[in-house]
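So the sequences go chain by chain: A and B.
Per this note's numbering, the very first residue in the first sequence carries number 1; after that it's consecutive.
Per this note's numbering, the very first residue in the second sequence carries number 583; after that it's consecutive.
A few of these clues could be false.
[What the hints assert, rightly or not] Computed far set for chain B versus chain A, every beta-carbon distance over 10 Å: (1) Pro596; (2) Gly614; (3) Ala630; (4) Gln712; (5) Asn747; (6) Ser769.
[Claimed, not checked] 30 Å max Cα-Cα, derived DSBU-like pairs, lysine-lysine: (7) B/Lys730 / B/Lys684; (8) A/Lys365 / B/Lys684; (9) B/Lys763 / A/Lys5; (10) B/Lys655 / A/Lys489; (11) B/Lys656 / B/Lys684; (12) A/Lys416 / B/Lys655; (13) B/Lys663 / B/Lys730; (14) A/Lys437 / A/Lys489; (15) B/Lys663 / A/Lys365; (16) B/Lys655 / B/Lys754; (17) B/Lys765 / A/Lys369; (18) B/Lys709 / A/Lys369; (19) B/Lys655 / B/Lys603.
Treat the hints as calculated values from the structure; they're not laboratory data.
The C-beta atom is built at its ideal place from N, Cα and C for all residues, glycine as well.
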Amino acid sequence: MQRLKQLYDWLDNRTGFKEHLREVLFETVPGGARWRYVWGSTLTFTLMIQFITGIFLWMGYSASGQTSWESVYYIQEHMTGGHFLRGLHHWTAQVMTVLLVLHLMQVVIDGAYKAPREINFWFGIILLQLVLALSLTGYLLPWDQKGYWATKVATDIMGSTPIIGETMKQLVLGGADYGHHTLTRFFALHAGVLPLAVIGLTVGHIYLFRRHGLTPKKPLKKADEYFWPEQVLKDAVACLAVLVTILVLHFAFNGAHLDAPADPSSAYPARPDWYFLFLFQFLKYFPGHWEVLGAVVLPGIAMTLIFLMPIIGKSERGHQFNVGLLFGILAFAGILTFVAVKADRNNPTYIASKEQAAREAAIVKELAKGGIPPEGALALLQGPKLFAQHCASCHTHGDENGLGNPVEKPSAPDLKGFASREYLTELLHPERFGSAKFFGNTAHAKKSKMHDFLQDEFDGIDDDKDLRADMDLLIKAISAEAKLASQSKLDLEDHEAIQKGRELFDEIGCTDCHALGGWNADDYSAPDLTGYGSREWMLGIVDDPAHERFYGKKNDRMPAFGKDEKLTRRQMERIVDWLRGE
Amino acid sequence: MTNENENHSKEDQPDRRQFIKGASCVIGAAIGAVPMAAGVRVALSPLADKEAAEGGAMIRLADLADLKPGVPKKFAIVADKSDKWTRYKDVPVGAVYLVKQKEGEENPVVAFNTVCPHLGCFVDYRKEKQDFFCPCHDSNFALDGKLKNGVSPRGMDTLDVELRNTTEVWVKFQRFKANSKNKIAIS
Numbered sequence: 001m002q003r004l005k006q007l008y009d010w011l012d013n014r015t016g017f018k019e020h021l022r023e024v025l026f027e028t029v030p031g032g033a034r035w036r037y038v039w040g041s042t043l044t045f046t047l048m049i050q051f052i053t054g055i056f057l058w059m060g061y062s063a064s065g066q067t068s069w070e071s072v073y074y075i076q077e078h079m080t081g082g083h084f085l086r087g088l089h090h091w092t093a094q095v096m097t098v099l100l101v102l103h104l105m106q107v108v109i110d111g112a113y114k115a116p117r118e119i120n121f122w123f124g125i126i127l128l129q130l131v132l133a134l135s136l137t138g139y140l141l142p143w144d145q146k147g148y149w150a151t152k153v154a155t156d157i158m159g160s161t162p163i164i165g166e167t168m169k170q171l172v173l174g175g176a177d178y179g180h181h182t183l184t185r186f187f188a189l190h191a192g193v194l195p196l197a198v199i200g201l202t203v204g205h206i207y208l209f210r211r212h213g214l215t216p217k218k219p220l221k222k223a224d225e226y227f228w229p230e231q232v233l234k235d236a237v238a239c240l241a242v243l244v245t246i247l248v249l250h251f252a253f254n255g256a257h258l259d260a261p262a263d264p265s266s267a268y269p270a271r272p273d274w275y276f277l278f279l280f281q282f283l284k285y286f287p288g289h290w291e292v293l294g295a296v297v298l299p300g301i302a303m304t305l306i307f308l309m310p311i312i313g314k315s316e317r318g319h320q321f322n323v324g325l326l327f328g329i330l331a332f333a334g335i336l337t338f339v340a341v342k343a344d345r346n347n348p349t350y351i352a353s354k355e356q357a358a359r360e361a362a363i364v365k366e367l368a369k370g371g372i373p374p375e376g377a378l379a380l381l382q383g384p385k386l387f388a389q390h391c392a393s394c395h396t397h398g399d400e401n402g403l404g405n406p407v408e409k410p411s412a413p414d415l416k417g418f419a420s421r422e423y424l425t426e427l428l429h430p431e432r433f434g435s436a437k438f439f440g441n442t443a444h445a446k447k448s449k450m451h452d453f454l455q456d457e458f459d460g461i462d463d464d465k466d467l468r469a470d471m472d473l474l475i476k477a478i479s480a481e482a483k484l485a486s487q488s489k490l491d492l493e494d495h496e497a498i499q500k501g502r503e504l505f506d507e508i509g510c511t512d513c514h515a516l517g518g519w520n521a522d523d524y525s526a527p528d529l530t531g532y533g534s535r536e537w538m539l540g541i542v543d544d545p546a547h548e549r550f551y552g553k554k555n556d557r558m559p560a561f562g563k564d565e566k567l568t569r570r571q572m573e574r575i576v577d578w579l580r581g582e
Numbered sequence: 583m584t585n586e587n588e589n590h591s592k593e594d595q596p597d598r599r600q601f602i603k604g605a606s607c608v609i610g611a612a613i614g615a616v617p618m619a620a621g622v623r624v625a626l627s628p629l630a631d632k633e634a635a636e637g638g639a640m641i642r643l644a645d646l647a648d649l650k651p652g653v654p655k656k657f658a659i660v661a662d663k664s665d666k667w668t669r670y671k672d673v674p675v676g677a678v679y680l681v682k683q684k685e686g687e688e689n690p691v692v693a694f695n696t697v698c699p700h701l702g703c704f705v706d707y708r709k710e711k712q713d714f715f716c717p718c719h720d721s722n723f724a725l726d727g728k729l730k731n732g733v734s735p736r737g738m739d740t741l742d743v744e745l746r747n748t749t750e751v752w753v754k755f756q757r758f759k760a761n762s763k764n765k766i767a768i769s
């Protein structure tokens with residue numbers, strides 16, 4: 001203890017910090033500590049949380065069209081504690097917006113903007129706008145559907161400002177379109193320019209606050225007190241309550257949401273974050289060229305009036321007007337927000353789009369577990385999207401269309417896990433081959449040679465161990481042709497069984513119709529199973545299923561996607577890679 | 583600072599005041615610790631990354647006929663690579679020198695990782711001096727990888743080589759811990 005005191009004195013001797021500390025702690029609180037004075041401190045506290053969590057998030061974030069979503073996904077799903085860190089940052093931002101409004105209400109109701117505190121009020125209003133700008137810029141950074149579309153709307157509003165709009169929009173976006181520089185600019189604003197401005201103004205705000213002291217609520221209830229420790233405790237408890245609220249929100253909503261990666265080709269219902277929802281709703285009442293009135297002019301007038309509050313509020317009447325104006329704006333915003341939320345809740349199209357977006361987000365996160373290609377996570381979704389668009393009118397993928405929606409009348413085999421051992425175990429079962437899941441709705445169904453062959457050779461496979469063992473060898477051999485990444489280890493371990501399976505393939509007569517490896521290479525009447533399920537084989541069958549290597553003239557309705565130029569090579573690769581789990 | 587008011591503190595309740603002071607400090611520290619701890623936990627998460635130290639698969643690099651006895655030749659290692667969220671296919675991950683040995687030697691080809699075991703600079707082959715030379719801290723190595731002179735704690739790192747089908751040179755690419763006396767594989 002003695003040592004600590006010595007160190008304390010040594011430091012004070014060199015820095016004089018004791019005096020400053022005293023100045024901070026022993027500021028007079030007229031009428032004693034009160035709960036109503038805590039709002040400024042809670043805001044400073046949330047600001048501190050945002051700086052700390054923001055800097056740590058910065059360590060994992062990478063701003064570009066191909067890495068923003070991906071790095072946020074990685075922070076969220078793969079870094080220890082990343083989910084909590086991002087949740088904390090996100091929910092603190094939400095709570096901060098509420099605290100800002102409460103702080104503003106308190107200041108206006110108590111008339112704390114009146115002389116000589118006008119400048120401090122203006123600092124506060126600018127701070128309010130800076131924090132909203134932080135929210136707006138931060139919303140885009142994950143580069144997910146939600147952020148992308150909302151920012152598009154926000155920047156288009158900016159673009160509709162008369163005269164300077166387009167120029168400003170282009171400057172903000174870093175070009176004519178959304179891309180790398182939109183992200184780098186938003187990030188520089190969000191993590192550099194705006195926080196610096198906030199720090200500067202907050203220092204000024206607190207300095208001016210200290211200079212003029214707080215505005216006591218009359219009548220004073222108690223004698224004056226120092227800030228320390230009574231008011232400090234009240235502030236600390238209030239901050240604790242704020243933190244608990246943030247934590248409850250984080251756990252109740254399972255952290256911060258991350259939608260599927262930004263996709264300009266998808267129908268996504270753009271909505272701003274809840275605190276801008278009223279402005280969004282407001283715009284609906286201003287058609288055509290009146291829009292600028294709702295987007296820029298009226299909000300601008302409201303902001304100007306708020307800015308002029310210290311001058312308007314010089315008289316008691318003026319003060320009453322200010323209080324009325326603030327409550328009016330808040331009530332109006334509240335009603336608009338309510339209308340907007342209610343409209344969305346009763347809009348089946350909106351609900352369906354949101355559900356679809358949630359499904360796509362889940363799909364892409366699942367696919368991203370296997371690693372994301374350098375072109376970005378959006379590429380991962382192209383496989384299922386193209387499948388849903390071009391293949392799922394006939395095929396299914398695990399009973400759905402690849403994007404989590406049912407396929408109305410599937411008429412071709414399910415392709416989930418195609419060519420894997422599990423897939424073949426089911427496909428080559430005598431009872432299952434002709435089922436609706438596989439060839440049941442095609443010309444290769446019950447009357448086909450393949451169906452008869454399975455019935456003849458493998459009837460009773462479920463009870464006959466020898467038959468089962470033979471079939472397992474065949475399956476291993478055929479499945480190994482696919483060279484599936486997910487099975488590479490198994491294929492390597494089972495190379496003897498695979499060799500036996502190949503021999504059996506010939507022995508039991510598969511080669512009467514099919515080819516495999518060297519067997520029956522020149523004379524086959526059913527699909528050539530050499531390389532069955534491999535990337536090259538699958539691209540081949542998508543390209544032209546009626547090629548003699550596949551179904552030849554027996555092809556049943558499957559279009560030649562490549563040959564007939566229905567899909568590009570790249571699109572076919574995306575579908576095939578996705579089906580193969582690559 | 584104003585403290586003209588005499589009625590500031592409640593010195594008549596020292597216990598209560600002590601409690602308020604203590605509670606303020608405890609709550610203040612606790613609420614500050616939450617965001618800080620959340621951040622530090624994420625910042626420390628790379629420590630949990632465990633790289634497998636068994637190296638990648640054998641890679642076919644050259645044919646015996648491509649190499650001249652006693653003359654090092656540099657080959658880039660192109661392999662699949664994972665970097666955090668990204669999965670790359672066929673990108674450069676390092677390089678090796680292959681040195682074909684004279685007839686009758688135990689190993690027909692020796693492979694060296696091209697980085698200096700000192701601090702990881704790229705080591706050059708100097709034809710005129712017949713050695714490997716690190717341009718950073720001037721260590722130089724004989725063509726058999728042994729340290730000739732300089733500050734490197736060990737000779738150049740050899741890699742596993744296999745000769746398949748009598749002429750194909752296959753190498754297992756690995757990285758080793760820098761600046762340690764022993765050769766410890768880190769990937």
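Decide, holds or violated, for the assertion that all CB atoms of chain A are farther than 10 Å from the CB of B/Asn747. holds, 18 Å
Holds or violated: A/Lys437 with A/Lys489, Cα cutoff 30 Å? Holds, at roughly 28 Å.
For the pair we were handed, B/Lys655 and A/Lys489, check the Cα-Cα distance against 30 Å. violated, 34 Å
Mind verifying the non-interface call on B/Gly614? Its CB should be farther than 10 Å from each CB in chain A. The claim is violated: B/Gly614 sits with its nearest Cβ about 7 Å from chain A, within 10 Å.
If you draw a straight line from the CA of A/Lys416 to the CA of B/Lys655, is it 30 Å or shorter? violated, 47 Å
Check the hint pairing B/Lys663 with B/Lys730 against an upper bound of 30 Å on the C-alpha distance. Violated - the C-alpha atoms of B/Lys730 and B/Lys663 are around 34 Å apart, more than 30 Å.
Is B/Lys709 within 30 Å of A/Lys369, Cα to Cα? violated, 47 Å
B/Lys763 and A/Lys5 were given as a pair; does the straight-line alpha-carbon distance stay at or below 30 Å? At roughly 47 Å apart (the allowed maximum being 30 Å), A/Lys5 and B/Lys763 break the hint.
Does A/Lys365 lie within 30 Å of B/Lys663 when you go C-alpha to C-alpha? holds, 20 Å
Just double-check B/Pro596 for me: nearest Cβ-Cβ distance to chain A has to come out over 10 Å. holds, 12 Å
Taking 30 Å as the top limit, are the C-alpha atoms of B/Lys655 and B/Lys603 close enough? Not OK: B/Lys655 and B/Lys603 at ~73 Å, beyond 30 Å, violated.
If I take the minimum Cβ distance from B/Gln712 to any residue of chain A, is it greater than 10 Å? Check passes; 41 Å lies beyond 10 Å.
Of the hints listed earlier, those the structure fails to meet are numbers 2, 3, 8, 9, 10, 12, 13, 17, 18 and 19, in rising order.
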